[in-house]
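Peer 1: Could you put together the complete structure from these sequences and hints?
Sequence lines, in order, name chains A and B. Everything in the first sequence is counted per my numbering, starting at 5 for the first residue and increasing by one. Everything in the second sequence is counted per my numbering, starting at 5 for the first residue and increasing by one.
Hints are computed from structural coordinates only; laboratory data are not their basis. Please note that a few of the clues may not be correct.
What the hints assert, rightly or not - Okay, derived cross-link-like pairs now, DMTMM-like style, lysine to aspartate or glutamate, Cα gap no bigger than 20 Å in a straight line:
1. B:Lys86 to A:Asp77
2. B:Lys257 to B:Glu229
3. B:Lys165 to A:Glu341
Stated by the list, open to error - One side only, chain B facing chain A, incomplete, derived with CB under 10 Å:
4. Pro84
5. Tyr87
6. Lys171
7. Val198
8. Leu289
9. Leu306
10. Ser331
Here the structure is a predicted model, which is why all the values come from computation and not from measurement. Yeah, the Cβ is synthetic: ideal placement off N, Cα and C, and Gly gets one too.
2 protein chains.
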Amino acid sequence: MPELRRDPIVDRWVIIAENRAARPGALVNASDSPREPTTAGLETCPFCPGYESETPPAVFALRGHANDPNASDWRVRVVPNKYPALVSETASQPDRGTYVPRSPGPESLFAAAPAFGVHEVIIDTPRHVTTVGQLTNEEFADSLTAVRARLEALRHDLRLKHAIVFKNVGCAAGATREHLHSQLMASNLVPPLVAAELRGAERFYDTYRQCVFCRMIDDECASGERVVDQSSAFVALCPFASRFAYEMWILPKGHASHFGSINDGDLADLANLARRAIARIESLLRSPAYNLVIHTTPFDSLAIEHYHWHMEVFPRLTIAAGFEWGSGCAVNPVSPEAAARVLRTFDKGSASPGSR
Amino acid sequence: MPELRRDPIVDRWVIIAENRAARPGALVNASDSPREPTTAGLETCPFCPGYESETPPAVFALRGHANDPNASDWRVRVVPNKYPALVSETASQPDRGTYVPRSPGPESLFAAAPAFGVHEVIIDTPRHVTTVGQLTNEEFADSLTAVRARLEALRHDLRLKHAIVFKNVGCAAGATREHLHSQLMASNLVPPLVAAELRGAERFYDTYRQCVFCRMIDDECASGERVVDQSSAFVALCPFASRFAYEMWILPKGHASHFGSINDGDLADLANLARRAIARIESLLRSPAYNLVIHTTPFDSLAIEHYHWHMEVFPRLTIAAGFEWGSGCAVNPVSPEAAARVLRTFDKGSASPGSR
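Peer 2: In C-alpha cells form, the structure reads like this:
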C-alpha cells in the first residue's frame, strides 16, 4: 500500500508507492523493469471506446444516449487509476489509523502513514488524440466539466482536504498512455506547492488587502509584455519567474479562488482560450511534451479573498539536472518576455482543431 | 546576462539564463534549437587532453610534472563553465548594483537582480570515462581534492555565501558532455533546499541539542535496514524518505558540517566508499543516468553543531510528471528498504575499476 513519509530533516513529504513500479515504462533502465518501447497505440488502447472493461469501472461519465457509464457511448469518462499513488482506506484499509505522521523527535525520527486519498483518470475524449490542441473546444469543455463535477463530489468527503488535477502529455512529461487524459489526486493533505502559494498569497493579502494574483493580472494586462492571449474572462501569460522555458499560466481575470465554482459560460470561455493558448505552444515547439496543472483552494476554504485558482502549463524542453534537484532553484534558458513575444505570433494553433 | 527572479507569490527563486539555450542539446524539441544527436565522442571532446584550448583557461589543476595548468599533463582540471548560469560581476558587470531583489509589494511585484556568482567545471580525469564507477579510487580522490581546494579558495570571496557541487551523469540526468565532470556553483544566496535543511536541522538541535544527521546515522547503522555500504568513517544509505528510486546518501559518521574541512585520510576513505557504493547502483541498474550533489554549510558558518555535510545520489529512472511538479511532492516506486537490500547484494561494482 502506498505510504506517505516525512523527511526527518526538512518538511518534505514523499509517497512511496511500490505498486507504481508495475506501470508500463515506470522505470527507465532498471534491470528489473525495462522501459517499454513506447506508449500503447490504437489497437490496444484501454482508453478507447470498446475497451471499457480494461479499466476499473467508471465513477463518472458524460454520456450521449446510453444509460450505462461503462458503455461505449460516452464523451468523457472518469475511472480510478489502475496504479494509484494514493489509496482510499475504505477500499484497502478497514481501520482508520493515523493519517498524518508526527513531527520528528528523538524517539520517532522516521514518521510514516498510509498515503490516503483518491487517484482518478479523466479520459478527455473517446477519440484517440494525444494533445490538447487536437481537442475541439467542446471536447475540452466536456473534460473540464468532468473535473468540476469530480471536485464537487469529492469535496463532500470530509476526510479529503484538497485535490490537484494534472495532465502529462508525452513521454518526457511522464505520460505512460498516449490517449489524452487528465488525472485527479485528492488527499487529506494540501500539496506543498499549493500550501506555499496559499501562505504567500495570505501574507500579501494581510499586508495590502489585495489578492496578489489579481494584482499580478492587472499589472500583466496593463504592460502586455508577458501576455500570450486573452478572452473576456481569462488571460494566458508567461509568469515573471517562469521555471520552465515557455511556461504559461491561464487565470480568470475576475477574482475566483475555487475552480469547482466556475459557471458554464466561463467554463466554455476557458476551454476555448486555454485550448488556443496551448495549441500555440504545440505549434511553436512542434508537439513538445508538457504538463498541465490546476491549482485551486482546499475543500475547507473554497471561497477566500486571497487565493486565485489557475492553470499552469510546463513544456518539458529541458532536463532538471543536479543543480536544480540539489538546490531547489530552477534554471530557465528562455525569458518569459521572449517566450510570450514568440507565442503571441504563433496563432496557427488557433485554427479549427482537426486541421493538424 | 543571467538574472535571478523572485516569484511574486511564493518564496521561489529562478535563474533566467538565456545564454544557456546555446548549449548543445539544451532544449529538446524546440524548433529554434533542435537537440543534438548525442553528447560528443572522443574525437571532439573538449575535456580530453590536447583540447585544453577549447575550454576557458583553467582556474585550478592537479598536475603531473608540467608547470602550465593549461598543458595536457594534468590529473584534474577546473575551468569556468562556457555557458554559465551565474556570472561574476567583475567579469561582465562593473557596477555592483543590488544583489538580492526586494520582497514583493504593491509597487514592486516583480523583483529581479543579476544572477551573481561563479560557475565552474571540474574535469574529474583526463581519461574519457563516463561514470564514477569507471574512475579509480585515486582519480575520484583527486577530483574531490580539487573540489575541496575550490571551496577553500572561494570561501575567501566575501561576496559569496555558499557553493553547491554536483554531477550530471547521462543525458536523462541533464549531462550535455559525456566526459565525466562535476560542476560547482557558488553564489551570494544559500540554495533553497540547503536553506531548508539548515532550518530543519537547527530546529531539531534547538529542541534536542543533537545534530539530526548524527542521530539519523546512529539509528540507521543500528538497524542496518537501509544501509548499503560503510567504511570506518563513512556510511552509504538509502534515506527513509527517498524521493527517487535507489536514492543514496553518503555521510561522514563523525560530526562534520563543512566538506572543505575534510582531511586527506578521510578524503581517500570517502573516495573509496563512494566510488564502490555508486558502482553498485551502476551495476544493478545497468549504467543509469544519475545526479550527485554535495550539500555543505554556507561560507559564513563553516563549523556548526547542527548541520552535517553529505553527498546525495539520485538515479534518474522515473520522470517527474505533472503531479510532482504541480504538487511539490515526490512519488517513489521503490521503497528505500528494498533498494538498500538489493544494492547490498550488488557488489560486482566493488571490483577493481577498469574491469567494466
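Peer 1: Evaluate each hint against the coordinates.
Peer 2: Here's how the hints hold up against the structure:
no.: 1; hint: B:Lys86 to A:Asp77; result: 57 Å, violated
no.: 2; hint: B:Lys257 to B:Glu229; result: 17 Å, holds
no.: 3; hint: B:Lys165 to A:Glu341; result: 30 Å, violated
no.: 4; hint: Pro84; result: 15 Å, violated
no.: 5; hint: Tyr87; result: 9 Å, holds
no.: 6; hint: Lys171; result: 6 Å, holds
no.: 7; hint: Val198; result: 7 Å, holds
no.: 8; hint: Leu289; result: 5 Å, holds
no.: 9; hint: Leu306; result: 19 Å, violated
no.: 10; hint: Ser331; result: 3 Å, holds
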